[in-house]
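Asker: This is what each chain is made of:
2 protein chains.
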Amino acid sequence: MANKMLGRDDHYMWAAIEEAQKAALVGEVPIGAVIVYEGEIIGRGHNLREHSQNALLHAEMVAIEEANAVLHSWRLTGCQLYVTLEPCVMCSGAIVNARLDRVVFGARDPKAGGTKTLYEILSDNRLNHQVDVTEGVLADEASQLLKTFFRAARNRRKAAKKIAQDSN
Amino acid sequence: MANKMLGRDDHYMWAAIEEAQKAALVGEVPIGAVIVYEGEIIGRGHNLREHSQNALLHAEMVAIEEANAVLHSWRLTGCQLYVTLEPCVMCSGAIVNARLDRVVFGARDPKAGGTKTLYEILSDNRLNHQVDVTEGVLADEASQLLKTFFRAARNRRKAAKKIAQDSN
Numbered sequence: 001m002a003n004k005m006l007g008r009d010d011h012y013m014w015a016a017i018e019e020a021q022k023a024a025l026v027g028e029v030p031i032g033a034v035i036v037y038e039g040e041i042i043g044r045g046h047n048l049r050e051h052s053q054n055a056l057l058h059a060e061m062v063a064i065e066e067a068n069a070v071l072h073s074w075r076l077t078g079c080q081l082y083v084t085l086e087p088c089v090m091c092s093g094a095i096v097n098a099r100l101d102r103v104v105f106g107a108r109d110p111k112a113g114g115t116k117t118l119y120e121i122l123s124d125n126r127l128n129h130q131v132d133v134t135e136g137v138l139a140d141e142a143s144q145l146l147k148t149f150f151r152a153a154r155n156r157r158k159a160a161k162k163i164a165q166d167s168n
Numbered sequence: 001m002a003n004k005m006l007g008r009d010d011h012y013m014w015a016a017i018e019e020a021q022k023a024a025l026v027g028e029v030p031i032g033a034v035i036v037y038e039g040e041i042i043g044r045g046h047n048l049r050e051h052s053q054n055a056l057l058h059a060e061m062v063a064i065e066e067a068n069a070v071l072h073s074w075r076l077t078g079c080q081l082y083v084t085l086e087p088c089v090m091c092s093g094a095i096v097n098a099r100l101d102r103v104v105f106g107a108r109d110p111k112a113g114g115t116k117t118l119y120e121i122l123s124d125n126r127l128n129h130q131v132d133v134t135e136g137v138l139a140d141e142a143s144q145l146l147k148t149f150f151r152a153a154r155n156r157r158k159a160a161k162k163i164a165q166d167s168n
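As given, the protein sequences belong to chains X and L, one line each in that order.
The first sequence runs contiguously to residue 168 in UniProt numbering.
The second sequence runs contiguously to residue 168 in UniProt numbering.
The set of hints was computed from the structure by calculation and includes no laboratory data.
Where is the CB? At the ideal position from N, CA and C, for every residue including glycine.
Incorrect hints may have been included.
What the hints assert, rightly or not - If you only want the chain L side, here are some residues facing chain X, beta carbon under 8 Å, derived:
#1 HIS51
#2 GLN53
#3 ILE64
#4 GLU65
#5 VAL70
#6 ASN97
#7 LYS111
Stated by the list, open to error - Within a straight-line C-alpha distance of at most 27 Å, the following computed DSS-like cross-link-like pairs (lysine-lysine) qualify:
#8 L:LYS116 <-> X:LYS116
#9 L:LYS147 <-> L:LYS162
#10 X:LYS116 <-> X:LYS147
#11 X:LYS22 <-> X:LYS158
#12 L:LYS147 <-> L:LYS22
#13 L:LYS22 <-> L:LYS158
#14 L:LYS111 <-> X:LYS116
#15 X:LYS111 <-> X:LYS158
#16 X:LYS111 <-> L:LYS116
Please take these sequences and the hints and turn them into a complete structure.
Answerer: Here it is as structure tokens:
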């Protein structure tokens with residue numbers, strides 16, 4: 001049973017990683033999320049902050065909006081969210097507000113994590129809903145995507161600087 | 001100077017209360033928000049969760065999305081948000097993510113407040129941005145709106161129950 005669960009979590013996390021790869025392709029920080037209801041993916045999202053110039057469009061938020069629309073309900077009872085990086089404070093609050101059952105994330109976010117690292121919003125019993133959390137699913141793959149993205153960004157900056165210096 | 005500031009805060013909070021009244025008119029919990037940039041209101045929002053069946057559509061979120069669109073920027077540097085009720089965790093996180101300068105709210109939210117009551121997210125210096133907070137502006141007016149709304153909802157439920165009993 002444990003193996004079966006793990007296999008299922010891996011399966012949906014790969015779908016979230018696919019979403020993260022879509023973000024990377026358009027130059028956004030590669031974070032992706034999917035929402036699963038009764039075994040089916042009903043919401044997908046990737047980080048779109050720069051393209052949209054909308055501060056709210058984190059992967060999780062895009063996926064929640066889509067799942068709300070699919071179920072015609074702001075309540076996502078019975079749903080699980082898979083996301084490559086630990087949700088930030090905004091997204092953790094949104095997950096509570098949307099009444100999701102469970103969140104599975106890949107890597108921790110040491111700078112902004114609202115689910116385990118800086119806050120434990122999803123298990124705060126002062127709030128009117130609590131959410132089960134599983135962490136570390138395909139964490140290396142999720143981290144690698146981010147590392148590759150930021151390394152490429154640094155290299156682009158270095159190359160641009162060199163071109164500027166050479167042309168002086 | 002202090003009086004002038006207070007006068008200005010009252011002025012924008014009345015605009016937020018007008019937004020809250022729009023929510024009440026359509027049967028939504030009456031919470032309203034506006035965002036001000038260089039003295040001008042560039043974002044307005046009221047709670048639309050039930051009508052939209054979208055868990056994210058709190059007043060603050062609607063106002064942030066509009067301000068992002070008006071400024072063509074996810075960064076709301078130089079902006080102030082006025083909201084009738086203390087922001088929840090999601091909205092507090094969104095306010096940090098959008099880099100607002102200042103938040104002014106009316107009444108505290110003892111059950112879900114993320115800015116003063118349960119959390120102090122806007123002044124958390126572990127996060128990459130801090131936001132000035134002023135509370136208690138037109139708090140009585142904001143609370144009264146909520147009390148009136150919930151009293152009317154209770155009365156409607158009582159009346160419906162009585163009709164059901166009488167028809168038995």
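Asker: Using the nearest Cβ pair, does L:HIS51 come within less than 8 Å of chain X?
Answerer: Not OK, violated: L:HIS51 not within 8 Å of chain X, min 10 Å.
Asker: Given the hint that L:LYS22 pairs with L:LYS158, does the C-alpha gap stay at or below 27 Å?
Answerer: The given pair, whose Cα atoms are some 25 Å apart, holds under the 27 Å limit.
Asker: For L:LYS147 and L:LYS22, compute the direct alpha-carbon distance and say whether it is at most 27 Å.
Answerer: holds, 16 Å
Asker: Quickly compare the C-alpha distance for X:LYS116 and X:LYS147 to 27 Å and report which way the hint goes.
Answerer: Satisfied, since the Cα-Cα distance of roughly 21 Å is no more than 27 Å.
Asker: Does X:LYS158 lie within 27 Å of X:LYS111 when you go C-alpha to C-alpha?
Answerer: holds, 25 Å
Asker: Would the stated hint for L:ASN97 survive a check requiring a Cβ distance to chain X of less than 8 Å?
Answerer: Status holds, d = 5 Å.
Asker: If you draw a straight line from the CA of L:LYS111 to the CA of X:LYS116, is it 27 Å or shorter?
Answerer: holds, 21 Å
Asker: Given the hint that L:LYS116 pairs with X:LYS116, does the C-alpha gap stay at or below 27 Å?
Answerer: holds, 21 Å
Asker: Tell me if L:ILE64 is really an interface residue toward chain X, meaning its C-beta lies closer than 8 Å to one of theirs.
Answerer: holds, 6 Å
Asker: Is the straight-line distance between the alpha-carbon of X:LYS111 and that of L:LYS116 27 Å or less?
Answerer: Holds - the C-alpha atoms of L:LYS116 and X:LYS111 are around 21 Å apart, at most 27 Å.
Asker: Under 8 Å, Cβ to Cβ, is where L:GLU65 needs to be relative to chain X, so tell me if that hint holds or is violated.
Answerer: holds, 6 Å
Asker: Need the status of pair X:LYS22, X:LYS158: alpha-carbon distance at most 27 Å?
Answerer: With Cα atoms ~25 Å apart, X:LYS22 and X:LYS158 stay inside 27 Å; holds.
Hint compliance for this structure: hints 1 and 5 are not met, and every other hint is.
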